[in-house]
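**Student:** Put together the whole structure using the sequences plus the hints.
Residue numbers (UniProt numbering): 1 to 132.
A portion of the hints provided could be inaccurate.
[Said to hold, decoys possible] When the alpha-carbon atoms are kept at most 30 Å apart in a straight line, the in silico DSBU-like pairs for lysine-lysine are as follows:
#1 103 with 82
#2 68 with 93
#3 68 with 27
#4 68 with 78
#5 119 with 93
#6 27 with 70
#7 68 with 125
#8 27 with 78
#9 93 with 70
#10 27 with 93
#11 78 with 93
#12 103 with 70
#13 93 with 74
#14 27 with 125
#15 125 with 113
#16 93 with 103
#17 68 with 112
#18 27 with 74
[Said to hold, decoys possible] Using C-beta positions, here's what the derived DEER-type ranges look like:
#19 16 with 57: 23 to 29 Å
#20 100 with 77: 39 to 45 Å
#21 97 with 16: 30 to 36 Å
If you are wondering where the hints come from, they were derived from the structure by calculation, not from laboratory data. Heads up, the beta-carbon is just placed ideally off N, CA and C, and yes, glycines get one too.
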Amino acid sequence: MVGGNTSQQLSLVEEEIAEIFNDIGVKRNASRVLVLMIRGFDLTSREIERVCDIRQPEVSIALNDLEKRKWVRKVGQKSENKGRPVLIYHLVKSVDDILDELKEVIVGDYDKKLHEIEKVKELLKERVVERN
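**Tutor:** Encoded structure:
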């Protein structure tokens with residue numbers, strides 16, 4: 001690992017946390033990558049692939065999702081002899097900030113759905129009044 005020695009797979013608790021992130025709206029593979037990044041190490045996509053046990057294209061999609069959310073960013077690169085440099089990824093938001101963002105989205109969606117239910121009730125009442 002770029003940042004140091006870490007376990008070569010997600011623990012059962014980390015798997016459970018990833019599942020919860022998935023349940024609240026983070027895509028499955030992005031959830032797994034996020035949980036790995038929470039360990040606090042800068043990682044290459046190859047390291048993420050190995051530890052999360054997901055294929056390289058899925059790692060790229062997950063990292064793109066996390067970058068779009070501005071939770072992860074590329075912080076550098078290293079060369080492995082010849083060929084392309086290898087990008088290194090870093091978690092840039094704290095876990096608390098990430099959870100707060102997710103909470104805001106959920107509460108916003110909930111409020112919107114409640115408002116829509118109330119609108120349906122109003123429209124149904126108007127329809128009943130129009131019939132009479």
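**Student:** For residue 27 and residue 78, compute the direct alpha-carbon distance and say whether it is at most 30 Å.
**Tutor:** holds (28 Å)
**Student:** For the pair supplied as a hint, residue 125 and residue 113, is the alpha-carbon distance within the 30 Å limit?
**Tutor:** This hinted pair holds, its Cα atoms lying about 19 Å apart.
**Student:** Quick one, are residue 27 and residue 93 close enough, alpha carbons at most 30 Å?
**Tutor:** holds (18 Å)
**Student:** Are the Cα atoms of residue 27 and residue 125 separated by 30 Å or less?
**Tutor:** violated (39 Å)
**Student:** Quick check on a hinted range of 30 to 36 Å for residue 97 and residue 16, using CB atoms only.
**Tutor:** Violated: the Cβ-Cβ distance is about 21 Å, outside 30 to 36 Å.
**Student:** Determine whether the Cβ-Cβ distance between residue 16 and residue 57 falls within the hinted range of 23 to 29 Å.
**Tutor:** holds (26 Å)
**Student:** With a cut-off of 30 Å on the C-alpha distance, tell me whether residue 103 and residue 82 pass.
**Tutor:** violated (45 Å)
**Student:** Between residue 103 and residue 70, is the straight-line Cα distance small enough, at 30 Å or below?
**Tutor:** holds (16 Å)
**Student:** Regarding the pair residue 78 and residue 93, is the alpha-carbon distance no greater than 30 Å?
**Tutor:** holds (23 Å)
**Student:** Starting from the hint 39 to 45 Å, judge whether the C-beta atoms of residue 100 and residue 77 obey it.
**Tutor:** violated (31 Å)
**Student:** Check whether the Cα positions of residue 68 and residue 78 lie no farther apart than 30 Å.
**Tutor:** holds (23 Å)
**Student:** Is it true that the CA of residue 119 sits at most 30 Å from the CA of residue 93?
**Tutor:** violated (37 Å)
Comparing the model with each numbered hint stated earlier shows that hints 1, 5, 7, 14, 20, 21 do not hold.
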